[in-house]
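2 protein chains.
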Amino acid sequence: MLDNRIITILRDIVGKQYVSTEQADRICYSYDATQQQFFPDVIVRPADAAQVSLILKMANAENLPVYPRGAGSGFTGGSVPIRGGIALVLTRLNRILRIDQDNLIAEVEPGVVTATLQKAVEEVGLFYPPDPASLKFSTLGGNVAECAGGPRCVKYGVTKDYVLGLEVVTPTGDIIRTGGETMKGVVGYDLTKLMVGSEGTLGVITRIILKLLPRPEAKKTMLVMFDSIDGAAQAVSNIIRGKIIPTTLEFMDATALACVRQNANLDIPESARAVLIIEVDGDRELLERQATRILEIASPLGVVHTSIAATDEESERLWQVRRSVSPSLRKVNPDKYNEDICVPRSKLPDMIRAIESISNRLEIPIVNFGHAGDGNIHVNIMVDRSLQGQEEKAETAIREIFAKTLELGGTMSGEHGVGTSKAPYLGMELDPATMACMKTIKHALDPKQILNPGKIFPVDGPTA
Amino acid sequence: MLDNRIITILRDIVGKQYVSTEQADRICYSYDATQQQFFPDVIVRPADAAQVSLILKMANAENLPVYPRGAGSGFTGGSVPIRGGIALVLTRLNRILRIDQDNLIAEVEPGVVTATLQKAVEEVGLFYPPDPASLKFSTLGGNVAECAGGPRCVKYGVTKDYVLGLEVVTPTGDIIRTGGETMKGVVGYDLTKLMVGSEGTLGVITRIILKLLPRPEAKKTMLVMFDSIDGAAQAVSNIIRGKIIPTTLEFMDATALACVRQNANLDIPESARAVLIIEVDGDRELLERQATRILEIASPLGVVHTSIAATDEESERLWQVRRSVSPSLRKVNPDKYNEDICVPRSKLPDMIRAIESISNRLEIPIVNFGHAGDGNIHVNIMVDRSLQGQEEKAETAIREIFAKTLELGGTMSGEHGVGTSKAPYLGMELDPATMACMKTIKHALDPKQILNPGKIFPVDGPTA
Numbered sequence: 001m002l003d004n005r006i007i008t009i010l011r012d013i014v015g016k017q018y019v020s021t022e023q024a025d026r027i028c029y030s031y032d033a034t035q036q037q038f039f040p041d042v043i044v045r046p047a048d049a050a051q052v053s054l055i056l057k058m059a060n061a062e063n064l065p066v067y068p069r070g071a072g073s074g075f076t077g078g079s080v081p082i083r084g085g086i087a088l089v090l091t092r093l094n095r096i097l098r099i100d101q102d103n104l105i106a107e108v109e110p111g112v113v114t115a116t117l118q119k120a121v122e123e124v125g126l127f128y129p130p131d132p133a134s135l136k137f138s139t140l141g142g143n144v145a146e147c148a149g150g151p152r153c154v155k156y157g158v159t160k161d162y163v164l165g166l167e168v169v170t171p172t173g174d175i176i177r178t179g180g181e182t183m184k185g186v187v188g189y190d191l192t193k194l195m196v197g198s199e200g201t202l203g204v205i206t207r208i209i210l211k212l213l214p215r216p217e218a219k220k221t222m223l224v225m226f227d228s229i230d231g232a233a234q235a236v237s238n239i240i241r242g243k244i245i246p247t248t249l250e251f252m253d254a255t256a257l258a259c260v261r262q263n264a265n266l267d268i269p270e271s272a273r274a275v276l277i278i279e280v281d282g283d284r285e286l287l288e289r290q291a292t293r294i295l296e297i298a299s300p301l302g303v304v305h306t307s308i309a310a311t312d313e314e315s316e317r318l319w320q321v322r323r324s325v326s327p328s329l330r331k332v333n334p335d336k337y338n339e340d341i342c343v344p345r346s347k348l349p350d351m352i353r354a355i356e357s358i359s360n361r362l363e364i365p366i367v368n369f370g371h372a373g374d375g376n377i378h379v380n381i382m383v384d385r386s387l388q389g390q391e392e393k394a395e396t397a398i399r400e401i402f403a404k405t406l407e408l409g410g411t412m413s414g415e416h417g418v419g420t421s422k423a424p425y426l427g428m429e430l431d432p433a434t435m436a437c438m439k440t441i442k443h444a445l446d447p448k449q450i451l452n453p454g455k456i457f458p459v460d461g462p463t464a
Numbered sequence: 001m002l003d004n005r006i007i008t009i010l011r012d013i014v015g016k017q018y019v020s021t022e023q024a025d026r027i028c029y030s031y032d033a034t035q036q037q038f039f040p041d042v043i044v045r046p047a048d049a050a051q052v053s054l055i056l057k058m059a060n061a062e063n064l065p066v067y068p069r070g071a072g073s074g075f076t077g078g079s080v081p082i083r084g085g086i087a088l089v090l091t092r093l094n095r096i097l098r099i100d101q102d103n104l105i106a107e108v109e110p111g112v113v114t115a116t117l118q119k120a121v122e123e124v125g126l127f128y129p130p131d132p133a134s135l136k137f138s139t140l141g142g143n144v145a146e147c148a149g150g151p152r153c154v155k156y157g158v159t160k161d162y163v164l165g166l167e168v169v170t171p172t173g174d175i176i177r178t179g180g181e182t183m184k185g186v187v188g189y190d191l192t193k194l195m196v197g198s199e200g201t202l203g204v205i206t207r208i209i210l211k212l213l214p215r216p217e218a219k220k221t222m223l224v225m226f227d228s229i230d231g232a233a234q235a236v237s238n239i240i241r242g243k244i245i246p247t248t249l250e251f252m253d254a255t256a257l258a259c260v261r262q263n264a265n266l267d268i269p270e271s272a273r274a275v276l277i278i279e280v281d282g283d284r285e286l287l288e289r290q291a292t293r294i295l296e297i298a299s300p301l302g303v304v305h306t307s308i309a310a311t312d313e314e315s316e317r318l319w320q321v322r323r324s325v326s327p328s329l330r331k332v333n334p335d336k337y338n339e340d341i342c343v344p345r346s347k348l349p350d351m352i353r354a355i356e357s358i359s360n361r362l363e364i365p366i367v368n369f370g371h372a373g374d375g376n377i378h379v380n381i382m383v384d385r386s387l388q389g390q391e392e393k394a395e396t397a398i399r400e401i402f403a404k405t406l407e408l409g410g411t412m413s414g415e416h417g418v419g420t421s422k423a424p425y426l427g428m429e430l431d432p433a434t435m436a437c438m439k440t441i442k443h444a445l446d447p448k449q450i451l452n453p454g455k456i457f458p459v460d461g462p463t464a
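These protein sequence lines are chains A and B, in that order. Under the UniProt record's numbering, think of the first position of the first sequence as 1, with each following residue one higher. Under the UniProt record's numbering, think of the first position of the second sequence as 1, with each following residue one higher.
Source of the hints: derived by calculation from the structure; they are not laboratory data. Keep in mind that a hint or two might mislead.
Just so you know, same-sequence chains aren't split out, so a pair can sit in one copy or run between any two.
As the list claims (entries may be wrong) - Quick list of in silico lysine to any residue cross-link-like pairs, SDA-like style, CA-CA up to 20 Å:
hint, residue 1, residue 2
1, Lys-336, Met-222
2, Lys-155, Gln-101
3, Lys-243, Asp-283
4, Lys-439, Arg-177
5, Lys-219, Leu-318
6, Lys-439, Phe-127
Start from the sequences, fold in the hints, and give me the full structure.
Next comes the structure, spelled out in structure tokens:
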């Protein structure tokens with residue numbers, strides 16, 4: 001437990017009602033979307049960058065770990081306070097400061113929920129593309145810290161591609177401003193992009209300038225079922241080779257379809273072994289032609305069924321097939337390890353085959369779905385912890401899957417980050433010199449290792 | 001002069017024929033597109049990353065400055081060896097290693113000329129958008145180091161948006177690999193984007209993985225003359241507000257047009273006070289509609305003349321108006337300071353008016369043209385050094401222009417970088433904490449300050 005002197009300092013900084021050591025609050029802020037649980041000693045809810053700065057300066061003086069967080073919807077433990085200390089909750093910083101229609105930018109605080117911003121900009125005919133599955137509750141600060149992705153990234157890129165500038169409180173408590181509100185800017189180092197995806201280990205984000213796009217005029221959703229994963233993967237490849245970049249190219253493999261078939265009330269023929277959900281957006285006439293061309297490209301590749309949405313409601317119904325995977329999964333096995341490997345998209349069939357082989361050999365169910373257009377696969381290793389040896393098998397499966405991913409030129413994480421859950425495997429992907437370079441930067445900016453210690457790299461940061 | 005022992009080590013590393021201390025070579029590598037001249041002590045031309053690593057390790061041991069360079073076409077002195085030492089010439093690393101049509105990536109060495117890659121990818125129906133004016137001779141390594149831009153950035157973004165991964169030799173001689181060949185990747189810090197635009201101060205780039213796009217089906221070029229800069233600027237704003245993002249939105253102000261009118265054989269009516277060159281690309285039918293819409297948007301804003309190119313040759317002729325500015329400038333005054341400020345695009349009229357007022361008050365000609373769609377203006381302060389006091393006036397003009405740029409929320413450089421020529425003004429744009437953060441990173445990665453000392457930040461690096 002922290003001594004009262006520190007609690008008093010924190011209360012002086014943010015106000016009494018925004019500091020809590022209550023057990024109920026400590027439980028609330030002890031976990032994220034992973035299954036780990038670690039308790040913070042104190043929960044602090046600052047109002048602005050100046051308060052964050054004072055908290056970090058105090059934490060440096062007192063050698064206290066600080067774990068910033070938004071909604072806690074991350075998949076890799078990025079906001080879990082594994083060494084105790086301060087849970088720095090940023091949800092009070094939740095204002096959309098401006099939406100500038102002339103310059104196509106928005107300025108927001110980190111606690112704004114992703115969907116809230118999307119709705120606000122769409123109301124004025126603009127568009128913020130990144131669409132992580134958690135968008136209805138995840139915050140933009142967390143999206144930036146993790147470099148969130150989503151289905152639309154095939155065409156529109158990831159969060160990083162939309163962050164123009166940041167206000168950041170450094171680990172030592174300095175308030176810095178990176179980037180700006182111009183479309184171009186090359187003065188000094190790109191600290192903006194260094195911060196994006198650094199998982200809160202290099203600074204606390206307190207303000208974000210985002211690039212917006214004009215809202216696409218229309219969209220068209222198609223669901224195409226194939227008799228093999230190879231057919232689906234070849235379709236992905238041929239669509240891209242055909243010079244069409246759809247908005248989304250989502251896939252589900254046979255295991256994911258089996259899951260949906262058994263557990264959701266959706267009509268999926270037995271012959272379907274893979275599904276692609278393909279969406280195109282933009283000019284109304286152009287996307288009609290693109291949709292026709294896409295179906296022509298797919299047709300010789302073992303298509304067993306095609307649905308084309310004529311209305312937004314029908315589009316929602318098609319997406320329902322994809323969205324029902326996650327809820328259905330829980331019915332297969334109670335627990336899962338949810339990985340998000342990413343390979344060059346042409347390597348998708350090789351990767352899926354390798355996962356099937358690992359699943360069969362280790363006799364552990366693995367369900368695959370995700371963003372085929374990016375080569376980004378959500379690999380769900382289904383575990384029943386009540387069975388002996390399942391966790392060890394899952395661990396073996398993860399290592400083998402990562403090894404194959406890297407052999408194919410891929411990465412262990414396309415959008416979820418490293419956090420604590422992938423930290424043990426980091427050395428598989430990063431060579432010692434590259435990791436040393438990253439650690440050098442971390443140590444230089446956070447000499448006492450007080451900000452998010454234990455995340456990404458296992459470091460000897462302080463414990464509360 | 002360096003002693004013979006060091007020359008011998010360098011010869012052992014790269015081979016005798018790739019090390020020169022000849023006066024003729026020292027002159028060749030003493031300048032770039034700025035007007036500075038500083039002589040390297042030795043010119044070294046390595047063949048690969050391993051040799052670069054050995055050179056940097058030796059330079060650390062001997063405390064010798066190292067200045068990497070490609071074609072030396074930079075506008076801010078980035079490759080000029082201001083403290084002598086080693087000119088590290090990377091033009092032998094000039095292979096296009098692969099163009100992967102399935103994954104839309106290219107892997108290249110840094111010495112590949114930008115236009116060479118563009119031609120190679122266009123031959124297979126692909127597209128590498130960044131198009132700095134120097135593309136016929138600038139190298140991709142330099143483009144990445146400076147984060148080069150160009151007219152097409154309005155729609156397609158800058159070099160940074162196309163760099164997926166790098167092989168980099170750190171200042172201390174370690175070979176690291178950043179990013180990769182996948183479209184997404186969030187394992188560890190984004191060292192790729194940290195390196196892009198760091199002007200060769202954080203590492204020597206030895207390999208580049210670039211993202212490609214499908215080549216647009218067609219393009220359409222329009223030249224629209226306005227009776228005022230306000231009309232042209234309003235057209236830019238209204239086009240974007242009309243949800244159209246053209247490929248290019250280039251502008252020339254009255255001073256630039258006067259220049260072209262006097263010095264090039266092109267027919268430009270006296271009533272034209274500003275010109276926009278607008279290009280749209282993509283689907284053939286869509287761009288016809290976009291072009292029509294753009295002309296409708298512009299027409300009430302004081303249009304005095306419109307030309308629409310029906311063929312590639314006609315498009316080239318329209319671009320000729322823009323391209324003739326730079327050669328014409330030299331006829332106004334023998335020397336110029338070429339700045340490249342960038343403001344939020346809606347602030348363009350304010351900025352142009354401020355520059356006009358500064359030009360009139362200081363009685364020094366200033367010619368403006370550039371990338372209106374990005375708010376990125378090439379401000380040419382025309383100087384006749386034979387006249388007393390001109391340089392001081394130019395210096396005053398630069399400071400006033402930068403101050404106004406920053407007041408409008410802009411940046412001192414959209415695409416040229418800081419190098420040596422903007423280094424004295426850096427403190428106008430970056431607050432002390434932000435600059436300190438950048439310097440902390442530089443010092444951590446280059447403790448002896450041997451790589452590009454004196455660039456971006458004035459530092460006390462070694463002198464040969």
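Verification of the hints:
Taking the shortest alpha-carbon separations for Lys-336 and Met-222, neither the intra-copy value of 29 Å nor the inter-copy value of 57 Å comes in at or below 20 Å. Only between protomers do Lys-155 and Gln-101 lie at most 20 Å apart by alpha-carbon distance; the minimum there is 17 Å, versus 22 Å within a single protomer. For the homomeric pair Lys-243 and Asp-283, the shortest alpha-carbon distances inside one copy (16 Å) and between copies (11 Å) are both at most 20 Å. For the homomeric pair Lys-439 and Arg-177, the shortest alpha-carbon distance between copies (15 Å) is at most 20 Å, but the shortest distance inside one copy (22 Å) is not.
In the homo-oligomer, the alpha carbons of Lys-219 and Leu-318 lie at most 20 Å apart inside one protomer (13 Å), although the nearest pairing across protomers, at 35 Å, exceeds that limit. Taking the shortest Cα distances, Lys-439 and Phe-127 never come within 20 Å of each other, neither inside one copy (36 Å) nor across copies (36 Å).
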